[in-house]
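Protein chains in written order, with the numbering used here: chain A, 1 to 256; chain B, 257 to 518; chain C, 519 to 785.
In case anyone wonders, no lab produced these hints; they're calculated from the structure. C-beta: ideal position from N, C-alpha, C; glycine also. Take the hints with a grain of salt, since some may be wrong.
Claimed, not checked - Residues from chain A that face chain C, not an exhaustive set, calculated with beta carbons under 7 Å: (1) S8; (2) S42; (3) V52; (4) R78; (5) S79; (6) T87; (7) N89; (8) V91; (9) R93; (10) T102; (11) G103; (12) V108; (13) R112; (14) I114; (15) I246; (16) T249.
Unchecked claim - Ranges between beta-carbon positions, derived for each pair: (17) C:N616 <-> B:T359: 43 to 51 Å; (18) A:E27 <-> B:P267: 56 to 64 Å; (19) B:S360 <-> C:L558: 29 to 37 Å; (20) C:S569 <-> B:L270: 38 to 46 Å; (21) B:T359 <-> A:G38: 28 to 36 Å; (22) A:R93 <-> B:M421: 24 to 32 Å; (23) A:G243 <-> C:T536: 52 to 60 Å; (24) A:I114 <-> B:L270: 49 to 57 Å; (25) B:I344 <-> A:S144: 35 to 43 Å; (26) C:Q628 <-> B:R515: 18 to 26 Å; (27) A:V15 <-> B:I344: 49 to 57 Å; (28) B:A426 <-> C:I537: 31 to 39 Å.
Chain residues, written in single-letter form:
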Amino acid sequence: MIKFNNISVTYPGGVKALNNVSLDIEEGDFVIIVGMSGAGKSTLLRTINNLVKPTEGEVIVDSKNVTNASKKELKIIRSEIGMIFQTFNLVNRSSVLKNVLTGRLSQVSTLRSILGLWPKEDKDIAFESLNKVEILEKAYVRGSNLSGGQQQRVGIARALAQKPKVMLADEPVASLDPITSRVVMKYLKQINQELGITTIVNLHFLDLAKEFGERLIGLKDGELVYDGKVDDVSDKDFENIYGRAIKSTDILGDNN
Amino acid sequence: MITIKVPKKPPPSLLTVLGYPFAIIFSIFAFFQIGFNLEDFKKNLSNRRLVTDTLFNPKWDWAIENATMALVETIQIAILASIIGCFIALPLSFYASRATNQTSITYYIYKSFLNFIRTIPDLFWAMLFTVAVGLGPFAGVLALIMFSMAIMGKLLSETIDSIDMGPLEAAKASGANQNQAVFTSALPQILPNFTAYFLYIFELCIRASVILGLVGAGGVGRIIETQRIFLRFDRISPIIVFILVAVIAIEQFSVWLRRKIL
Amino acid sequence: MSIPKQPINQRILKYTITIMIIIGSIWSASGLEITPERFLTAPGKIWILVSAMFPLDLSTEAIERIVPKVAESLFIAWAGTVIGAIFSFPISFIAASNVSKNSISKVTKQFLNIIRAFPELILAFVLLPVTGLGPLTGTLAVGIHSIGTLGKLSSEVIEGIDEGPLESIKSSGGSKINELLFGVVPQVMPTITSYWLYRFEINLRASAVLGIVGAGGVGAELINQLRFRDFPRAGTVLVVTILMVLIVDTISASIRRRIIKGRTIKV
Numbered sequence: 001m002i003k004f005n006n007i008s009v010t011y012p013g014g015v016k017a018l019n020n021v022s023l024d025i026e027e028g029d030f031v032i033i034v035g036m037s038g039a040g041k042s043t044l045l046r047t048i049n050n051l052v053k054p055t056e057g058e059v060i061v062d063s064k065n066v067t068n069a070s071k072k073e074l075k076i077i078r079s080e081i082g083m084i085f086q087t088f089n090l091v092n093r094s095s096v097l098k099n100v101l102t103g104r105l106s107q108v109s110t111l112r113s114i115l116g117l118w119p120k121e122d123k124d125i126a127f128e129s130l131n132k133v134e135i136l137e138k139a140y141v142r143g144s145n146l147s148g149g150q151q152q153r154v155g156i157a158r159a160l161a162q163k164p165k166v167m168l169a170d171e172p173v174a175s176l177d178p179i180t181s182r183v184v185m186k187y188l189k190q191i192n193q194e195l196g197i198t199t200i201v202n203l204h205f206l207d208l209a210k211e212f213g214e215r216l217i218g219l220k221d222g223e224l225v226y227d228g229k230v231d232d233v234s235d236k237d238f239e240n241i242y243g244r245a246i247k248s249t250d251i252l253g254d255n256n
Numbered sequence: 257m258i259t260i261k262v263p264k265k266p267p268p269s270l271l272t273v274l275g276y277p278f279a280i281i282f283s284i285f286a287f288f289q290i291g292f293n294l295e296d297f298k299k300n301l302s303n304r305r306l307v308t309d310t311l312f313n314p315k316w317d318w319a320i321e322n323a324t325m326a327l328v329e330t331i332q333i334a335i336l337a338s339i340i341g342c343f344i345a346l347p348l349s350f351y352a353s354r355a356t357n358q359t360s361i362t363y364y365i366y367k368s369f370l371n372f373i374r375t376i377p378d379l380f381w382a383m384l385f386t387v388a389v390g391l392g393p394f395a396g397v398l399a400l401i402m403f404s405m406a407i408m409g410k411l412l413s414e415t416i417d418s419i420d421m422g423p424l425e426a427a428k429a430s431g432a433n434q435n436q437a438v439f440t441s442a443l444p445q446i447l448p449n450f451t452a453y454f455l456y457i458f459e460l461c462i463r464a465s466v467i468l469g470l471v472g473a474g475g476v477g478r479i480i481e482t483q484r485i486f487l488r489f490d491r492i493s494p495i496i497v498f499i500l501v502a503v504i505a506i507e508q509f510s511v512w513l514r515r516k517i518l
Numbered sequence: 519m520s521i522p523k524q525p526i527n528q529r530i531l532k533y534t535i536t537i538m539i540i541i542g543s544i545w546s547a548s549g550l551e552i553t554p555e556r557f558l559t560a561p562g563k564i565w566i567l568v569s570a571m572f573p574l575d576l577s578t579e580a581i582e583r584i585v586p587k588v589a590e591s592l593f594i595a596w597a598g599t600v601i602g603a604i605f606s607f608p609i610s611f612i613a614a615s616n617v618s619k620n621s622i623s624k625v626t627k628q629f630l631n632i633i634r635a636f637p638e639l640i641l642a643f644v645l646l647p648v649t650g651l652g653p654l655t656g657t658l659a660v661g662i663h664s665i666g667t668l669g670k671l672s673s674e675v676i677e678g679i680d681e682g683p684l685e686s687i688k689s690s691g692g693s694k695i696n697e698l699l700f701g702v703v704p705q706v707m708p709t710i711t712s713y714w715l716y717r718f719e720i721n722l723r724a725s726a727v728l729g730i731v732g733a734g735g736v737g738a739e740l741i742n743q744l745r746f747r748d749f750p751r752a753g754t755v756l757v758v759t760i761l762m763v764l765i766v767d768t769i770s771a772s773i774r775r776r777i778i779k780g781r782t783i784k785v
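If we strip away everything but chain A, and leave its shape as in the complex, we get:
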């Protein structure tokens, strides 16, 4: 489903974020990427929808070349990839429903979206997505009036409303408490299993990775250093990925 062919990313200023990474991800996979801050996780995720353009190499998603796509093609590709963020990225002043509807923007004409004349199917899709993360009753509440966990669920609903083939999650639970984090991860896992959406999650909490992951990818200093089943991972492997002994900040725990 997703192929990374010798991806390298060097940011202006000389920082080399990714160095010759090659990877194959199958359709329906649930992949967790771990690594230290700055190891290249966010960058890798963003090469998938070309928010970051690789300096070398290319990314192929669903047989389409993302890296060299034209503007038009890119828009179509992106509409099939849903993304959720550490900071939720909701429009605080808009209602939950409005936020989820922004996931349908690529499918609705500009004029309709400005005038707020969303077609019935799009509204239905939005409501269904909200229902999937069990937050339907808050549809008209303002984004900023929700808790962190609820906001992230709205983020997931927004991504779901795109009816995506791929789901990207960039540190989705880093700002949440242990219980809420597990709720969010549970939704992501559920969506992957029930709808077959290829899911890639960046995490830096090792216990969460072990709890929910199936396939584990480890990045260190922009290079791929581990790729295997979660069950096969040992503490020693984690230490290799992190380049140091495991610290308490790497574990989410049950009560923070």
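With chain A fixed as given, assemble chains B and C onto it according to the hints.
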């Protein structure tokens, strides 16, 4: 087909239902009242050469010869008025803020006083003062003192409303009376803001001071008024340019000063 | 034990500023021939003027002359603000450095600065020969000046937004227009609308004054009454103006508070 229970959309707020139509209707009404006569407009449009010919033809030497004294006077009015006005407003603002003045009566008196001063336009003050104390720059200074007090009062009291109450509490807990507490724990907190507002008001005073002369309250406005009646924009434009330069210079200075302090 | 002294730089700065203020005041006061006694006698003279205004002239003749003029000031202020709001909105996007290219935004900002620099009165009497005596000139003067100030303030609001939501719209395949409409506009509208209302409050004061040069509004009334020493009538003009300004200010302030706070929906 949805089988889930979709929540009802909340009705639009009273403000939206009344506000938007009112705004639109009022706008149309207002424009109508103002009246736009196409005929008159076309007739008068031919006058535009009168303006553009002179406006873009500044007579620098005339201005330097005749307007320098008045320009200096304008700046002096601004300096004096902003300094006096802002420094009077400083204690007043503390009295007009809930955070530092818990006594209801005095709070309302000072707050209403500041609000009242704000309602009268600066030129109205100037007109009143020219009648009360005579024509000339003194009236202008008094008018701008009111102007500065009004703006500083509003800005500063709002800032004081949102300060950190902690240091105040600590001072009072150690036995200081209200005035001491405010002086040592509240005043230092707002000094950077005070300075920024002061420079902003100083700039505003310079612009306002230019106009004061139109009603006889001193400064270069007097010259502008006499020249404009004869449509001598060629003599007015250099004066405006001088003022613009002065204003920009102050703006740059205040940016530099703010960086130094903060 | 040696007690540390306040760092030298800070002390120099404090002293310099204090000296500048003292010298500035003295230089200005002497240049204008203003002595402290004049300040002391001033309140007395003001009191004489104020008491001459009472009882106010509330005759029908006075009211019929004054109220329409005050209303005219209201209309000028409103229409001018509307002009300012409508034109400044698109311009502010062009002037915002995070929406347009740097070169374009710089030029637009300078353009706005130039418009802002001219007081409404000066704009008014430059426009007079072209647009004639009357409220139209006043409206244009207020409107043009408002475009300048509102444009600058609005562009600063736009520059201060959270870019996060924009990224999420982009990543789901939205176009640049989608980003602007759904990411930028909802974030900036409350603040920008409250600036419009605040501008209306300020424009009301400016338009009251424009009458002096014949650009409509109540300013001409006041100055005429004062010149003819008809103090009771001048007092009426003042009182009516103050009342109107107070009413508008209060309504506008409460609307602004409500806009910024937003609605709470109970679920």
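task: Just pull the numbers of the violated hints for me, sorted ascending.
output: 1, 2, 3, 12, 13, 15, 16, 18, 21, 24
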